[in-house]
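Asks: Listed below are the residues making up each chain.
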Amino acid sequence: DARVTQTPRHKVTEMGQEVTMRCQPILGHNTVFWYRQTMMQGLELLAYFRNRAPLDDSGMPKDRFSAEMPDATLATLKIQPSEPRDSAVYFCASGFRGGSGNTIYFGEGSWLTVV
Amino acid sequence: DAKTTQPNSMESNEEEPVHLPCNHSTISGTDYIHWYRQLPSQGPEYVIHGLTSNVNNRMASLAIAEDRKSSTLILHRATLRDAAVYYCILGYFHYGGSQGNLIFGKGTKLSVKP
Numbered sequence: 001d002a003r004v005t006q007t008p009r010h011k012v013t014e015m016g017q018e019v020t021m022r023c024q025p026i027l028g029h030n031t032v033f034w035y036r037q038t039m040m041q042g043l044e045l046l047a048y049f050r051n052r053a054p055l056d057d058s059g060m061p062k063d064r065f066s067a068e069m070p071d072a073t074l075a076t077l078k079i080q081p082s083e084p085r086d087s088a089v090y091f092c093a094s095g096f097r098g099g100s101g102n103t104i105y106f107g108e109g110s111w112l113t114v115v
Numbered sequence: 116d117a118k119t120t121q122p123n124s125m126e127s128n129e130e131e132p133v134h135l136p137c138n139h140s141t142i143s144g145t146d147y148i149h150w151y152r153q154l155p156s157q158g159p160e161y162v163i164h165g166l167t168s169n170v171n172n173r174m175a176s177l178a179i180a181e182d183r184k185s186s187t188l189i190l191h192r193a194t195l196r197d198a199a200v201y202y203c204i205l206g207y208f209h210y211g212g213s214q215g216n217l218i219f220g221k222g223t224k225l226s227v228k229p
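Which chain is which? The protein sequence lines are A and B, in order.
With this note's numbering, the residue at position 93 of the first sequence is 93, and numbering never jumps.
Each position in the second sequence, counted from 1, maps to that position plus 115 in this note's numbering.
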C-alpha cells in the first residue's frame, strides 16, 4: 500500500537547536499538509501546499517555523530555534484533488520532545 | 470554517452496532462531511465521507440528515480494534481554490468493551 513516510519518527533535542522533519507524500498526490497534535490543543493545521506552492501557513508560528517543498517528493518542516512548547507529534498528510471530497492520508508522525 | 459538535466520549460493547453522532448546523452547500479516526499512537485514518446521500464502505456507513445539519457514523459491529477517537470534519477539497484543508475538532473517544 502507498503511504506517507515521515522522518524522524522520534526526536529528542535541546532547546535552541534546529529541528527538521521530513515527509515523503504518496506518489502522485498534489497536496501536502502539516499538522501538529498536543494533548491540550488537539490536531492543529500548520500549513498546506498544493503543487508545491504554499496555500496557507496561517497556523504556523512564523518567527521560528518554516515549511517548504523542495520537490514533489519531499516536504520539510523546520523549527529554529526549538522551544519546549514545540514538543508535540507532527503529522504530514497528502492528498490529490480528483473527483470530489477527496480524502487525505496521514503519516505515522514525528514525535518531538524539546528539553 | 464551519464547526462540528460531537460527544466527548462514547462506550460500546463488542460486536454491537455503534452510532456516532455529529452536528454541523452551519454547514455550507459545498462542504463534504468527512470522518476520520485515530487509533492510539497512530496518525488519523480516513473512514468515510459524503455530501448529501448516505454512503457505505467496508469500514462503516454514513447517514446524512436531509437538511445536512447532522450526520451519524455507523459501525455495524464494533470490535476492540475500533476503539479510537473519531473525528467528524467539514471540508471542501477544491483544486485551485484557497480552500481544501480539513480542520479537526476534539472528536469522540470511542471505548469498546469485550
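Where hints are given, some of them may not hold.
[Said to hold, decoys possible] Every beta carbon over 12 Å from chain B, so not counted as near; a handful from chain A, in silico: (1) Pro8; (2) Glu18; (3) Gly42; (4) Ser66; (5) Arg85; (6) Glu108.
[To be verified] Facing chain B, according to a computed beta carbon distance under 7 Å, are these residues of chain A, among others: (7) Leu27; (8) Thr38; (9) Phe91; (10) Phe106; (11) Gly107; (12) Gly109.
Read the hints as simulated data drawn from the structure, not as lab findings.
From a predicted model like this one, the values you see are computed outputs, not experimental measurements.
Ideal placement from N, C-alpha and C gives every residue a C-beta, glycine not left out.
Asks: All the hints need checking, so say for each whether the structure fits it.
Replies: Hint check:
Its beta-carbon lying about 15 Å from the closest one in chain B, Pro8 (chain A) satisfies the requirement of being farther than 12 Å from that chain. A cut-off of 12 Å between C-beta atoms confirms that Glu18 (chain A) is not in contact with chain B; the least separation is 24 Å. For Gly42 (chain A), the non-interface assignment is contradicted: its Cβ lies about 6 Å from the closest Cβ of chain B, within the 12 Å cut-off. Once the 12 Å rule is applied to beta carbons, Ser66 (chain A) is consistent with being away from chain B; the minimum gap is 19 Å.
With a minimum CB-CB distance of about 20 Å to chain B, Arg85 (chain A) clears the 12 Å threshold, and the non-interface call stands. In this structure Glu108 (chain A) is not separated from chain B by more than 12 Å, as the shortest Cβ-Cβ distance comes to only about 5 Å. About 18 Å separates the beta-carbon of Leu27 (chain A) from the nearest beta-carbon of chain B, more than 7 Å, and the hint is not met. Because the beta carbon of Thr38 (chain A) sits about 12 Å from the nearest beta carbon in chain B, more than 7 Å, this interface hint is broken.
A least Cβ separation of about 5 Å between Phe91 (chain A) and chain B falls short of the 7 Å threshold, and the interface hint therefore holds. At its closest, the beta carbon of Phe106 (chain A) sits 3 Å from a beta carbon of chain B; the interface hint therefore holds under the 7 Å criterion. With its C-beta approaching chain B no nearer than about 6 Å, Gly107 (chain A) sits inside the 7 Å limit, and its interface hint holds. Nearest Cβ of chain B to the Cβ of Gly109 (chain A): about 5 Å, under the 7 Å cut. The hint holds.
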